[in-house]
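Number of protein chains: 2
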Amino acid sequence: MGECTDTHTHIVTYDSTLRDGEQGEGISFSLEDKLRIVERLDAFGIDVIEGGYPASNPKDIAFFQRVASMQLSHAKVAAFGSTCRKGVAAQEDTGLADLLASGAPIVTIVGKCHEEQVTRALRTTLQENVRMVRDSVSYLVSQGVEVVFDAEHFFDGYEANPAYALEVLRAASEAGASSIDLCETNGGKLPMHIYRVVSEVTQALPGQRFGIHCHNDSGCAVANTLMAVAAGATQVQGTVNGFGERVGNADLLTVIADLQLKMGKHCVDDLTQLTGVANFVAECCNVTLPARTPYTGQSAFAHKGGLHASALARYSAAYEHESPEAVGNEQRVLVSELAGKASLVTKAKSLGLDLSGQPNLVQEILDDVKAREAAGYSYEVADGSLALLIMRHLGTSKPHFTLESFRVIVDDREDEGALARDAESEATIKIHVGDARYVATGEGVGPVGALDNALRQAIGESYPEVANIELVDFKVRILDESVGTNAITRVTITTSDGTHTWGTVSVSENIIEASWNALVDSVEYGLTRMGK
Amino acid sequence: MGECTDTHTHIVTYDSTLRDGEQGEGISFSLEDKLRIVERLDAFGIDVIEGGYPASNPKDIAFFQRVASMQLSHAKVAAFGSTCRKGVAAQEDTGLADLLASGAPIVTIVGKCHEEQVTRALRTTLQENVRMVRDSVSYLVSQGVEVVFDAEHFFDGYEANPAYALEVLRAASEAGASSIDLCETNGGKLPMHIYRVVSEVTQALPGQRFGIHCHNDSGCAVANTLMAVAAGATQVQGTVNGFGERVGNADLLTVIADLQLKMGKHCVDDLTQLTGVANFVAECCNVTLPARTPYTGQSAFAHKGGLHASALARYSAAYEHESPEAVGNEQRVLVSELAGKASLVTKAKSLGLDLSGQPNLVQEILDDVKAREAAGYSYEVADGSLALLIMRHLGTSKPHFTLESFRVIVDDREDEGALARDAESEATIKIHVGDARYVATGEGVGPVGALDNALRQAIGESYPEVANIELVDFKVRILDESVGTNAITRVTITTSDGTHTWGTVSVSENIIEASWNALVDSVEYGLTRMGK
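Heads up: the sequence lines are chains A and B, in that order. Here the numbering used here is used: the first residue of the first sequence is 17, the next is one more, and so on. Here the numbering used here is used: the first residue of the second sequence is 17, the next is one more, and so on.
To be clear, the hints were calculated from the coordinates, so they are not data collected in a lab. Mixed in with the good hints there might be a few duds.
Copies of one chain are not kept apart here, so a pair can be met inside one copy or by any two copies together.
As the list claims (entries may be wrong) - Taking lysine-lysine and the BS3-like style, the derived pairs with C-alpha atoms no more than 27 Å apart in a straight line are:
no., residue 1, residue 2
1, K357, K75
2, K278, K75
3, K281, K357
4, K102, K365
5, K365, K446
6, K102, K363
7, K386, K414
8, K386, K446
9, K414, K278
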């Protein structure tokens with residue numbers, strides 16, 4: 017079997033987090049989340065980012081409009097959809113028209129290869145299905161886009177009727193598909209099976225680029241993906257952290273690390289971003305990255321056994337398959353990507369703050385960050401709060417205002433209806449700007465809105481530019497789930513001035529207080545950025 | 017091993033949950049937990065249960081005493097330890113004496129096969145290491161126990177010096193080891209590598225039984241285990257749910273299901289216990305079984321996509337690799353805006369509510385669900401709220417209490433420090449239970465805690481069982497239909513009565529009101545479940 021490693025063959029990475037990943041239970045992205053993930057995956061060096069299904073919903077349509085104006089440095093965005101419908105010419109098909117209208121340079125269309133799926137799920141003839149595939153691919157190619165053909169249920173179909181499954185692939189290949197991605201849709205196949213079938217298929221259609229798309233239902237998604245590459249596939253589909261329907265897709269990050277570190281392939285230039293990307297996407301989904309995620313999880317290089325720990329002290333290779341630093345992770349349990357001095361200096365630099373040549377100060381900041389992370393803070397998406405923290409240590413922080421106190425009152429009466437709207441909130445804050453003291457009361461539907469309104473009133477006279485600073489997202493996480501409503505709450509706010517976006521974070525046992533502190537950071541950092 | 021061996025090769029299952037599993041971060045078992053797990057694994061049909069390290073701690077010594085008096089129907093218990101120490105004769109070694117004193121019918125000893133490990137970690141000669149292995153195995157065999165030899169770091173050792181690694185195995189084999197289990201200790205190997213090495217080793221020592229022990233550091237533990245079986249191994253080590261050091265061991269349950277359902281092997285007679293065993297052991301560890309665990313997780317057969325859901329209604333094989341019933345799990349159709357009538361009826365049934373034969377009512381409920389989902393509700397994880405909603409439509413809902421009004425006050429003063437603690441919350445609620453009216457005030461660090469306390473006070477006299485209902489998770493998500501702090505907030509609460517867990521959801525522009533409504537649903541559904 018193809019164990020031998022060849023050096024530097026590039027394997028195309030195709031990320032489906034925003035489409036297939038969102039099929040996972042409990043996973044949903046806002047439009048802003050999706051755009052931030054695109055930015056991050058692009059910076060990481062992912063080749064293709066599947067953005068969504070523009071024929072299906074307004075959020076995805078807006079996504080393709082917004083993403084078209086982004087300056088991506090490397091990645092191409094793919095729009096996902098189906099072949100034309102049965103009995104409809106490709107150029108008449110509204111679904112294909114929507115895909116083209118998305119403006120995405122790559123269009124991925126899913127089509128059937130399993131005779132039973134054609135007759136029972138699609139309810140058409142085998143010939144018509146081949147026509148749909150051929151016409152759809154060739155029409156899309158004629159319109160100037162790159163076409164990826166997702167061969168749904170391919171492995172089951174090939175098992176049931178290999179000749180027909182291959183006929184469908186041949187149609188897609190002849191029509192000009194740039195890649196044919198074999199989908200192990202139900203996730204039940206084992207590695208040896210995948211290896212054999214991909215070997216046969218790549219030999220049957222020489223010169224055609226093949227990709228692989230696996231699900232983890234038999235616990236083999238990563239292995240199946242690697243076996244497909246060993247058998248000749250050169251494009252790998254997956255999702256960040258393996259998010260996806262049922263038990264999820266192949267974890268693209270694990271696949272990338274395995275291909276690059278263990279199979280001598282090339283996927284990305286900077287593998288040290290791996291852990292950061294994993295945590296970033298998990299944060300966007302508001303889920304915790306499972307600690308036992310290979311390479312990127314908090315426990316991935318954590319050691320507990322006394323036997324192991326003492327051997328480790330002699331040499332790390334004793335119980336570590338790779339260096340944690342190679343994938344941006346750390347030996348033992350560390351809270352975030354900011355664990356080392358060098359990464360803090362790098363991060364500060366990206367925020368416009370120079371920490372070079374000040375090792376003692378860096379250590380002091382790192383200690384502060386670690387203490388706060390131990391208390392529940394997470395700076396992974398909160399660059400605004402991190403910048404303010406660093407500035408406080410640098411002595412360059414100049415708070416624009418200071419709080420004396422606030423009081424929030426929420427009143428509610430019994431209500432009915434899907435969206436209750438009758439609660440009222442009122443916030444009174446007492447604030448100092450320089451020598452002046454302001455008392456302002458804001459109303460709002462919710463308590464954070466009331467605080468926000470009060471804050472804007474109180475400082476609006478001194479800082480009229482606060483009107484340009486707008487909260488765009490507000491996330492809340494409960495950190496210690498075992499203690500119910502008294503658990504520690506982490507609030508993360510995303511704020512925009514129309515051009516830049518920044519995150520801020522605060523932690524408290526009181527959700528209102530955590531919200532207030534994150535809100536203050538968001539406005540403070542906004543004013544600081546504006547040079548006020 | 018029963019009738020199945022006539023047609024299917026039996027693969028010996030070796031569970032290491034109680035020893036290697038406990039090396040996992042956050043995993044620990046009490047003595048009682050360990051005994052209950054032994055009982056459960058025995059009933060499930062596991063062949064060998066590794067109980068612990070009797071030379072290392074009093075808990076494990078007590079375990080072997082207690083387990084000796086249990087009437088196990090099938091499983092044999094193994095005691096785990098090391099070979100004799102360097103320079104010590106096997107019969108003089110206190111560690112081996114402890115293993116024998118445990119009374120376990122199987123003794124598993126770990127030994128080194130990697131020359132570098134011998135010289136650097138063990139700090140002895142290659143010859144002395146072979147002597148330690150040979151003498152230890154043959155002494156233990158002479159004392160009447162079955163011996164499993166765990167060949168630590170075998171794959172790395174074989175890569176570095178295959179002749180030496182094989183020499184160690186040959187010593188164990190000649191000394192009478194009943195099984196030699198090849199350990200992929202660092203977890204970094206890939207399936208094709210495992211297949212090749214196990215093939216070579218089984219050919220080099222024909223007639224010897226081999227086992228396999230894998231870790232998941234490259235995301236391939238299950239696949240590596242299966243490949244070893246394909247290459248000739250007939251004993252599989254693993255842990256329930258893959259618990260274990262770093263990213264964990266091969267999940268023995270997934271391995272068993274794959275071997276039995278997909279590779280035609282026999283492991284256990286009743287695979288429908290699989291999901292129950294997974295949840296039982298997770299409960300013993302006080303951790304939640306990850307929803308995306310293959311076969312046994314809550315999401316393993318959950319479907320969300322509209323495309324998939326409609327095809328599933330035609331035939332389940334469309335998007336399921338195996339029948340969920342085969343492994344004691346169940347199909348779940350996630351109710352979401354994509355779902356149809358059939359899935360609502362199925363979902364209601366799983367909640368104990370019969371909607372069959374009432375198409376108009378189903379349509380009415382579906383319209384309500386869709387309207388609520390359009391307003392931001394999500395019933396994917398909120399079974400409790402969905403059940404209450406269906407009951408309201410069925411006319412079987414009997415609210416245990418109704419709200420007249422609440423008022424929440426949060427006070428804060430300026431503070432510093434990583435975790436602010438000085439805010440105070442107070443909630444006053446006015447509630448009716450039947451004809452009685454209760455006014456109660458609760459305090460809390462946060463406003464939701466204050467409301468929760470007030471609610472428990474107000475209804476505690478009428479429903480003392482509310483004390484058994486506990487909030488275990490509380491999630492907040494800001495939906496981006498509008499921006500900023502007046503955005504719509506979705507609160508999802510997970511509640512437990514110690515046995516069952518349910519989710520509730522509410523949506524409001526006011527985070528406090530949404531929290532309140534989700535809290536009310538959580539208590540209401542809890543009381544309803546209890547039949548109050």
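Going through the hints against the structure:
Only between protomers do K357 and K75 lie at most 27 Å apart by alpha-carbon distance; the minimum there is 25 Å, versus 40 Å within a single protomer. With identical chains, the CA atoms of K278 and K75 are never at most 27 Å apart, being 39 Å at best within one copy and 40 Å at best between copies. For a Cα distance limit of 27 Å, the shortest separation of K281 from K357 qualifies neither inside one copy, at 30 Å, nor across copies, at 48 Å. For the identical chains of this complex, K102 and K365 are neighbours neither inside a copy (56 Å) nor across copies (35 Å), given an alpha-carbon limit of 27 Å.
Within a single copy, K365 and K446 get their C-alpha atoms no closer than 35 Å, and across copies no closer than 54 Å, so neither meets the 27 Å cut-off. In the homo-oligomer, the alpha carbons of K102 and K363 never lie at most 27 Å apart, since the shortest distance is 53 Å inside one protomer and 32 Å across protomers. Only within a single protomer do K386 and K414 lie at most 27 Å apart by alpha-carbon distance; the minimum there is 23 Å, versus 50 Å between protomers. Proximity of K386 to K446 under the C-alpha cut-off of 27 Å is found in neither arrangement, the shortest distances being 32 Å within a copy and 43 Å between copies.
With identical chains, the CA atoms of K414 and K278 are never at most 27 Å apart, being 48 Å at best within one copy and 61 Å at best between copies.
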